[in-house]
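One-letter residues, chain by chain:
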Amino acid sequence: MPVSTFHPSTQSPPPTKRSWRQDAVRIVEDLFPTTCPPHWDLLLDLREQLLQGQDWNKTFDIFLICRDRMEADHYLPFYRLRRLMTQSLRLEAGNIPTVSLEDILRRRHRSLTDVSRAVHRELFEHGHDFQAAKPVQFRLVER
Amino acid sequence: MSTQTATIPKSNAVVEGLQTLLSDSYALMAQTHLAHWNVEGPNFFQLHTAFQSQYEDLFEAIDEIAERLRALDVLAPGGLQTLAKGSRIEELPTQTTLAKDFVAHLIESHEITVANAHTLRQSSGESDDLETQDLVIGRLQFHQKTLWMLRSFLKNL
Numbered sequence: 020m021p022v023s024t025f026h027p028s029t030q031s032p033p034p035t036k037r038s039w040r041q042d043a044v045r046i047v048e049d050l051f052p053t054t055c056p057p058h059w060d061l062l063l064d065l066r067e068q069l070l071q072g073q074d075w076n077k078t079f080d081i082f083l084i085c086r087d088r089m090e091a092d093h094y095l096p097f098y099r100l101r102r103l104m105t106q107s108l109r110l111e112a113g114n115i116p117t118v119s120l121e122d123i124l125r126r127r128h129r130s131l132t133d134v135s136r137a138v139h140r141e142l143f144e145h146g147h148d149f150q151a152a153k154p155v156q157f158r159l160v161e162r
Numbered sequence: 097m098s099t100q101t102a103t104i105p106k107s108n109a110v111v112e113g114l115q116t117l118l119s120d121s122y123a124l125m126a127q128t129h130l131a132h133w134n135v136e137g138p139n140f141f142q143l144h145t146a147f148q149s150q151y152e153d154l155f156e157a158i159d160e161i162a163e164r165l166r167a168l169d170v171l172a173p174g175g176l177q178t179l180a181k182g183s184r185i186e187e188l189p190t191q192t193t194l195a196k197d198f199v200a201h202l203i204e205s206h207e208i209t210v211a212n213a214h215t216l217r218q219s220s221g222e223s224d225d226l227e228t229q230d231l232v233i234g235r236l237q238f239h240q241k242t243l244w245m246l247r248s249f250l251k252n253l
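So the protein lines, in turn, are chains A and B. For the first sequence, this note's numbering gives the first residue as 20, with consecutive numbering after it. For the second sequence, this note's numbering gives the first residue as 97, with consecutive numbering after it.
Note that these hints are calculated values from the structure, not bench results. Watch out, some of these pointers could steer you wrong.
Using C-beta positions, here's what the derived DEER-type ranges look like [what the hints assert, rightly or not]:
(1) B:L188 <-> A:V44: 22 to 28 Å
(2) A:L63 <-> B:E227: 49 to 55 Å
(3) A:D80 <-> B:Q142: 34 to 40 Å
(4) B:E227 <-> A:D80: 54 to 60 Å
(5) A:E67 <-> B:I233: 42 to 48 Å
(6) A:F51 <-> B:R166: 28 to 34 Å
(7) B:Q177 <-> A:L63: 40 to 46 Å
(8) A:D49 <-> B:G175: 33 to 39 Å
(9) A:D87 <-> B:E187: 25 to 31 Å
(10) A:W75 <-> B:E222: 42 to 48 Å
(11) A:N76 <-> B:E186: 37 to 43 Å
Using 30 Å as the maximum straight-line C-alpha spacing, the simulated DSSO-like pairs for lysine-lysine come out as follows [stated by the list, open to error]:
(12) B:K196 <-> B:K241
(13) B:K181 <-> B:K106
(14) A:K77 <-> B:K196
(15) B:K241 <-> B:K181
(16) B:K251 <-> A:K77
(17) B:K181 <-> B:K196
Here the structure is a predicted model, which is why all the values come from computation and not from measurement. Just so you know, even glycine gets a beta-carbon here, dropped at the ideal spot from N, CA and C.
Using the sequences and the accompanying hints, generate a full structural model.
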């Protein structure tokens with residue numbers, strides 16, 4: 020005779036408002052021993068933003084810089100951070116419908132890539148040698 | 097002289113651990129199958145083939161775990177909804193996903209399975225249920241080997 024029923028509720032709960040920052044910080048701290056010292060200042064800034072930051076734009080900016088510099092060698096930690104931040108943004112936004120962090124990150128990456136492509140295309144179409152050209156200055160206006 | 101009893105002694109920790117291992121393995125098999133179908137990019141052939149080999153192993157393991165529960169005289173949980181509730185493994189949405197993200201997601205899923213299987217290995221040892229422990233050790237070997245392969249894939253991309 021069966022003696023036990025199945026209790027799925029014994030599983031660990033998903034990250035909460037209180038825990039996600041600590042989880043994210045732990046991932047960042049684990050990166051220190053495996054990254055080169057020039058990246059440590061960036062990681063310290065990201066750690067600080069994740070712990071104390073109230074301005075999501077600043078947190079995104081420093082996260083994107085870190086991701087750009089380190090993700091190629093540390094894909095898994097940045098995947099974990101991305102997922103954790105995505106879930107947490109929804110948590111902190113409560114039930115208010117909002118654009119997900121995943122979308123914001125994708126848009127930001129896309130917009131930067133688009134700008135870069137557009138600049139190179141303009142230089143090419145106007146016959147400039149963009150290897151030898153002077154640094155191009157442009158202003159990015161986000162609307 | 098002692099005789100073999102008709103029923104095998106069991107503990108609740110072992111039964112719950114086997115139920116969780118069953119749910120985790122089922123969820124992981126479904127996610128690996130999803131990755132097998134939808135992976136794209138220059139590594140398509142190697143990942144498509146590797147994922148197939150992994151979900152086939154998981155499919156066989158699920159049967160073995162469920163039959164161990166039956167050997168302990170416990171009904172095996174079944175059905176997609178019931179098994180999904182029994183696992184912390186998250187489902188990827190059906191959308192275009194980078195091959196690297198499929199691999200990273202499967203790494204996380206294997207890690208969850210390994211963590212729960214460690215607990216079951218411990219509890220089955222404490223309960224002197226060496227047959228369950230043997231099964232779990234076999235499963236752990238598979239998950240650890242798969243983790244090594246998946247993690248290796250993400251290096252130097």
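**OP:** Take the C-alpha atoms of K241 of chain B and K181 of chain B, compute the straight-line distance between them, and say whether it is at most 30 Å.
**Re:** Given that 30 Å is the threshold and the Cα spacing comes to 26 Å, the pair holds.
Is it true that F51 of chain A and R166 of chain B lie within 28 to 34 Å of each other by Cβ? For F51 of chain A and R166 of chain B the Cβ distance comes to about 49 Å; the hint is violated.
Point to revise | Restraint check for K196 of chain B with K241 of chain B, where alpha carbons must lie at most 30 Å apart | key: Given that 30 Å is the threshold and the Cα spacing comes to 18 Å, the pair holds.
Are the Cα positions of K251 of chain B and K77 of chain A separated by 30 Å at most? The hint holds at about 29 Å.
For the pair supplied as a hint, K77 of chain A and K196 of chain B, confirm whether the alpha-carbon distance does not exceed 30 Å. holds (27 Å)
(Q) Range first: 40 to 46 Å. Now tell me if the beta carbons of Q177 of chain B and L63 of chain A are that far apart. (A) holds (45 Å)
Range first: 42 to 48 Å. Now tell me if the beta carbons of E67 of chain A and I233 of chain B are that far apart. holds (43 Å)
Subject >> Distance restraint evaluation - E227 of chain B, D80 of chain A, Cβ atoms, bounds 54 to 60 Å >> reply: Roughly 55 Å apart at Cβ, these two residues keep to the hinted range, so it holds.
Hint check for V44 of chain A and L188 of chain B - Cβ pair distance inside 22 to 28 Å: holds (25 Å)
Would you mind confirming whether the straight-line C-alpha gap from K181 of chain B to K106 of chain B stays at or under 30 Å? Distance ~24 Å between K181 of chain B and K106 of chain B Cα, so the pair holds.
Check your understanding: Is 37 to 43 Å a correct range for the gap between the Cβ atoms of N76 of chain A and E186 of chain B?
Key -> violated (27 Å)
For the hint 25 to 31 Å, verify it against the beta carbon of D87 of chain A and that of E187 of chain B. Hint holds: Cβ distance 29 Å, inside 25 to 31 Å.
In the structure shown, a violation is registered for the earlier hints numbered 6 and 11, in ascending order.
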